[in-house]
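Undergrad: Sequence:
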Amino acid sequence: MHPAAEHSPLGKSSEYIATYTPSLLFPIPRTAKWAELGLTAETLPYKGVDFWNCFELSWLLPSGKPVVAIGEFSIPADSPNIIESKSFKLYLNSLNQTPFADTQSLEATLVSDLSAAAGKPVGVRIRSLNEVQAEGVVALPGVCIDDLDISVSNYEHPRPELLRCDNSRIVEESVHSHLLKSNCPVTSQPDWGSVAVEYRGAALDHASLLAYLVSFRQHSDFHEQCVERIFLDLQRLLKPEKLTVYARYVRRGGLDINPYRSTEAVQLPNLRLVRQ
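At the far end of the sequence shown sits residue 276, using our numbering, and the numbering has no gaps.
Treat the hints with care, since some could be wrong.
[To be verified] As a list, the in silico DSS-like pairs of lysine-lysine whose alpha-carbon atoms are at most 25 angstroms apart:
1) Lys47 / Lys33
2) Lys33 / Lys89
3) Lys181 / Lys33
Treat the hints as calculated values from the structure; they're not laboratory data.
No experiment lies behind these values; they were computed from the predicted model shown.
Construct all of the structure, not just a fragment, from the sequences and the given hints.
TA: Shown next, in the form of structure tokens:
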């Protein structure tokens, strides 16, 4: 468990507070998990963002009439802190009985509070249900590797030694799997996700990648660190010209978390998969 998470509301009974309370936000420094991966804030080998989507966003108009919407939050991957997910949910719940003059006022409040917690500017979009519904759902790019025939016997820890590649062939491809699962490091509840890998480098053996991803199945870590670990293990193996790893996780408590890590300065669209 991350030492700071022990003091967070995650895994504990919490009172439902329905009026604006920004102090509910609980930041967790990224430095400890970066250190586990041999990284520091100055040596991060990737760029990226964590997309959070809130499907239970509600507040009051000045008339007292409630509004519902979907919130999209983009937290920079190099921000000093992640925001503990239950505290994020409790904070968003505290808006439920709080009046705001208009949507722009709410957005400004969210930007200020979330940026203070993350330690870097956080992007915020408040979207109507009609807008999100019109976008529908999408499929991940490239080849799905889930039908490959593999044998698996270890689920406790990620096993990068399973990964294989052909250094004699340089390819550019996108592959994905829906079989990513890990556990919350605090509550041990399952986190279900789909992961995409896009790269140009030594040809990655797809079956070995699938076996490696399945080895996360009983591993305990936050969403962000799982994606960073996958990125680093593939970078070491493939020595790619470019590499992007991103995961789309199934929501819990009305929030989903979607980390993107890439060698490229690109921000992929925040589009939902069928399980989201």
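Undergrad: Which numbered hints does this structure break?
TA: none
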